[in-house]
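Enquirer: Given next are the chains, with one letter for each unit.
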Amino acid sequence: LAKTTQPISMDSYEGQEVNITCSHNNIATNDYITWYQQFPSQGPRFIIQGYKTKVTNEVASLFIPADRKSSTLSLPRVSLSDTAVYYCLVASTDSWGKLQFGAGTQVVVTP
Amino acid sequence: DTEVTQTPKHLVMGMTNKKSLKCEQHMGHRAMYWYKQKAKKPPELMFVYSYEKLSINESVPSRFSPECPNSSLLNLHLHALQPEDSALYLCASSQTGGNTGELFFGEGSRLTVL
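Chains as they are written, first to last, in this note's numbering: chain W, 100 to 210; chain X, 22 to 135.
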């Protein structure tokens, strides 16, 4: 399973864009990159998943360079309610069912 | 219905007690998971069921015993736990279990072992 490394914490102000970069140097050909968000005392919530280039949904964008050794989750115009822990996961089709969470990034948004 | 429901939300038990955590989903998902999460740590995978059969056991101590009575229900039976087993226990489900899909998590059962 590919190991992921992401910053422990990030601070931002309301209305700013937050970019969280995740490093996954030993990502394999069949691996997908997935991001989850977790609020205190709640289960994680799926945000976005991608394989290469760029993926965008109503919540976030995910940028993946050609070598796929890193990825960046972009949260546009954050609000106080975006304060949460964000987890980067590398999901391998070769390791069925084994979705292992990395350490996560605590994002704190202040007014 | 896109919910995973876990009961109880809170549980306090002594080391000699036997209790169970329950999880239910009605999304037609065929893979269900148990994760354990300690404070300020990421969730750790414990068990995975696929089509009601145990597929993955991440070397979890036998004092934790999972059960999947049918495709909608997942139980975690607890017996002779230790105080260090106190944690948030999260249940999740996914359509099949292939790692390219989305996991739907419940809100968790917070367990305290005295």
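Incorrect hints may have been included.
[To be verified] Taking CB as the label site, the calculated pair distances span:
| # | chain 1 | residue 1 | chain 2 | residue 2 | range |
| --- | --- | --- | --- | --- | --- |
| 1 | X | Glu-65 | W | Phe-138 | 45 to 55 Å |
| 2 | W | Gly-114 | X | Ala-101 | 47 to 57 Å |
| 3 | X | Glu-65 | W | Ser-122 | 35 to 45 Å |
[Stated by the list, open to error] As a list, the in silico DSS-like pairs of lysine-lysine whose alpha-carbon atoms are at most 27 Å apart:
| # | chain 1 | residue 1 | chain 2 | residue 2 |
| --- | --- | --- | --- | --- |
| 4 | X | Lys-43 | X | Lys-62 |
| 5 | X | Lys-43 | W | Lys-102 |
| 6 | X | Lys-40 | W | Lys-102 |
| 7 | W | Lys-102 | W | Lys-168 |
| 8 | X | Lys-62 | W | Lys-197 |
| 9 | X | Lys-74 | X | Lys-30 |
| 10 | X | Lys-62 | X | Lys-40 |
| 11 | W | Lys-102 | X | Lys-30 |
| 12 | X | Lys-74 | X | Lys-61 |
| 13 | W | Lys-102 | X | Lys-39 |
| 14 | X | Lys-62 | W | Lys-168 |
| 15 | X | Lys-59 | X | Lys-30 |
| 16 | X | Lys-61 | W | Lys-197 |
| 17 | W | Lys-153 | W | Lys-102 |
[To be verified] Non-contacting residues of chain X with respect to chain W, defined by C-beta distances greater than 12 Å in every case (computed):
| # | residue |
| --- | --- |
| 18 | Gln-27 |
| 19 | Lys-30 |
| 20 | Ser-41 |
| 21 | His-47 |
| 22 | Ala-52 |
| 23 | Pro-64 |
| 24 | Glu-65 |
| 25 | Val-69 |
| 26 | Ser-76 |
| 27 | Phe-85 |
| 28 | Asn-91 |
| 29 | Leu-109 |
| 30 | Leu-124 |
| 31 | Gly-129 |
Calculated from the structure, these hints are not laboratory results.
Here a beta-carbon is modelled for each residue, glycine too, at the ideal position from N, C-alpha and C.
Enquirer: Please go over all the hints and tell whether each is borne out by the structure.
Expert: Right, here's what the structure says about each hint:
1. A hinted range of 45 to 55 Å is violated for the C-beta pair X:Glu-65 and W:Phe-138, which are about 19 Å apart.
2. As the Cβ distance of W:Gly-114 to X:Ala-101 is approximately 52 Å, the hint placing it in 47 to 57 Å holds.
3. A hinted range of 35 to 45 Å is violated for the C-beta pair X:Glu-65 and W:Ser-122, which are about 21 Å apart.
4. Taken as a hint, the X:Lys-43 and X:Lys-62 pair is honoured in the structure, with Cα atoms around 23 Å apart against an allowance of 27 Å.
5. Restraint check: the Cα-Cα separation between X:Lys-43 and W:Lys-102 comes to about 31 Å, which exceeds 27 Å; the hinted pair is violated.
6. For a cut-off of 27 Å, the pair hint linking X:Lys-40 to W:Lys-102 is broken: about 35 Å separates their Cα positions.
7. Only pairs whose Cα atoms come within 27 Å are accepted, and W:Lys-102 paired with W:Lys-168 is accepted, the gap being roughly 11 Å.
8. Restraint check for X:Lys-62 and W:Lys-197: satisfied, since their Cα atoms lie roughly 18 Å apart, inside the 27 Å limit.
9. Among the hinted pairs, X:Lys-74 with X:Lys-30 is consistent with the structure: their alpha-carbon atoms are about 26 Å apart, no more than 27 Å.
10. Taken as a hint, the X:Lys-62 and X:Lys-40 pair is honoured in the structure, with Cα atoms around 24 Å apart against an allowance of 27 Å.
11. Between W:Lys-102 and X:Lys-30 the CA atoms are separated by roughly 32 Å; this puts the pair beyond 27 Å, and the hint is violated.
12. Restraint check for X:Lys-74 and X:Lys-61: not satisfied, since their Cα atoms lie roughly 31 Å apart, outside the 27 Å limit.
13. For the proposed pair W:Lys-102 and X:Lys-39, the alpha carbon gap of about 36 Å is over 27 Å, so the pair is violated.
14. Between the alpha carbons of X:Lys-62 and W:Lys-168 the distance comes to roughly 24 Å, so the proposed pair stays at or under 27 Å and holds.
15. Only pairs whose Cα atoms come within 27 Å are accepted, and X:Lys-59 paired with X:Lys-30 is accepted, the gap being roughly 15 Å.
16. At most 27 Å may separate the alpha-carbon atoms for a hinted pair to count; X:Lys-61 and W:Lys-197 meet this at roughly 21 Å.
17. For a cut-off of 27 Å, the pair hint linking W:Lys-153 to W:Lys-102 stands: about 21 Å separates their Cα positions.
18. With 12 Å as the threshold on Cβ separation, the claim that X:Gln-27 sits away from chain W is violated: the shortest Cβ distance comes to roughly 8 Å.
19. Non-interface call for X:Lys-30 relative to chain W: violated, since the shortest CB-CB distance, roughly 9 Å, does not exceed 12 Å.
20. Listed as outside the interface, X:Ser-41 is consistent with that label: its C-beta sits roughly 19 Å from the nearest C-beta of chain W, beyond the 12 Å cut-off.
21. Taking the minimum C-beta to C-beta distance to chain W, about 17 Å, the non-interface status of X:His-47 holds against the 12 Å cut.
22. Non-interface call for X:Ala-52 relative to chain W: violated, since the shortest CB-CB distance, roughly 7 Å, does not exceed 12 Å.
23. Non-interface call for X:Pro-64 relative to chain W: violated, since the shortest CB-CB distance, roughly 5 Å, does not exceed 12 Å.
24. X:Glu-65, annotated as away from the interface, has a beta carbon of chain W within 12 Å; the closest lies near 8 Å.
25. Distance check for X:Val-69 against chain W: the nearest CB is about 4 Å away, which does not clear 12 Å, and the non-interface claim fails.
26. With 12 Å as the threshold on Cβ separation, the claim that X:Ser-76 sits away from chain W is violated: the shortest Cβ distance comes to roughly 6 Å.
27. No Cβ of chain W approaches the Cβ of X:Phe-85 within 12 Å, the least distance being about 17 Å, so the stated non-interface status holds.
28. Interface exclusion of X:Asn-91 from chain W stands, the closest Cβ pair being 19 Å apart, more than 12 Å.
29. Residue placement check: X:Leu-109 does not keep its beta carbon more than 12 Å from all beta carbons of chain W (closest about 7 Å).
30. For X:Leu-124, the condition that its CB be more than 12 Å from all CB atoms of chain W is violated, with the nearest at approximately 6 Å.
31. Here X:Gly-129 does not stay apart from chain W, with its beta-carbon only about 6 Å from theirs, under the 12 Å limit.
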